[in-house]
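A.B. asks: Sequence:
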Amino acid sequence: MVHSMTAFARAERAGAHGTLSWELRSVNHRYLEPHLRLPESFRDLESAVREALRQNLSRGKVECTLRFDEANAGKPLQIDRERTTQLVAVAESVAALIRQPAPINPLEVLAWPGVLVADVADPQALNAEALGLFNEALTQLKAGRAREGAELARLLEERLDAMLSEVAALRQLVPQMLAAQRQKILERFRELQAELDPQRLEQELVLLAQKSDVAEELDRLCTHIAEVRRVLNASGAAGRRLDFLMQELNREANTLGSKAFDPRSTQTAVNLKVLIEQMREQVQNIE
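Each residue of the sequence shown is one higher than the one before, counting from 1 in the UniProt record's numbering.
Keep in mind that the hints were calculated from the coordinates and are not lab data.
Each hint can be trusted.
Here are the simulated DSS-like pairs of lysine-lysine, each with C-alpha atoms no more than 30 angstroms apart in a straight line: (1) K273 x K184; (2) K61 x K142; (3) K259 x K273; (4) K259 x K184.
All chains should be built: construct the whole structure from the sequences, respecting the hints.
C.D. replies: Right, dumping it as structure tokens:
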């Protein structure tokens, strides 16, 4: 079963000390590329989050954002007096070096990290809760990628069916097209009233048939289509393998077009290339 690289997940949990929320967004990318946005007090989680992503995802650019809204309503604000005193002293020392310093703004002092003392829970317990919530969000993200992957697989299967129909129709037409081409050459010679060497003419017709023989390309197209279906139904990451198979399908369609000697075979080659390009665009989103 294939998975998409595009998905979104959000998980939120309210507790005694505030509300934790994770937002995970993933888009297609050649490799697994995590981008983490964590509050400073949760930086210790970074390695665990990266490892969880590595264990569960193979490819995709994944943005992980953690927010923590502290529940401080109704609680008195407290300051770290020692840190505040040090901060003011340093500010006054700097002001002494300036000719006309601006007065110290108390609100700017309060905004300095560590001045306000928050009533928070045990950091280790809060980190464990945040990591558990992240795993919930990651499970949601994987489920979303699986659902979209199933839809991508369905779209690819539809186009594979269309390709097989094109190949089957051309197989039936090839003998008719070769016979028509043979008759056209014979009529051209008769119009020119040229003296025909039957043996030489037969050699030329055989050579034309060989150059126009597309059975090998049609067989390889069927083989690649079967392989695409096998990869779609297999487990594990499939995007790179499918991308390679799209290149091989396109190669056979190009060869088919170069051998075309009838408008119907030319149209078949064009139709196949359109279907392959549609699949290639979808494959770019598969993990």
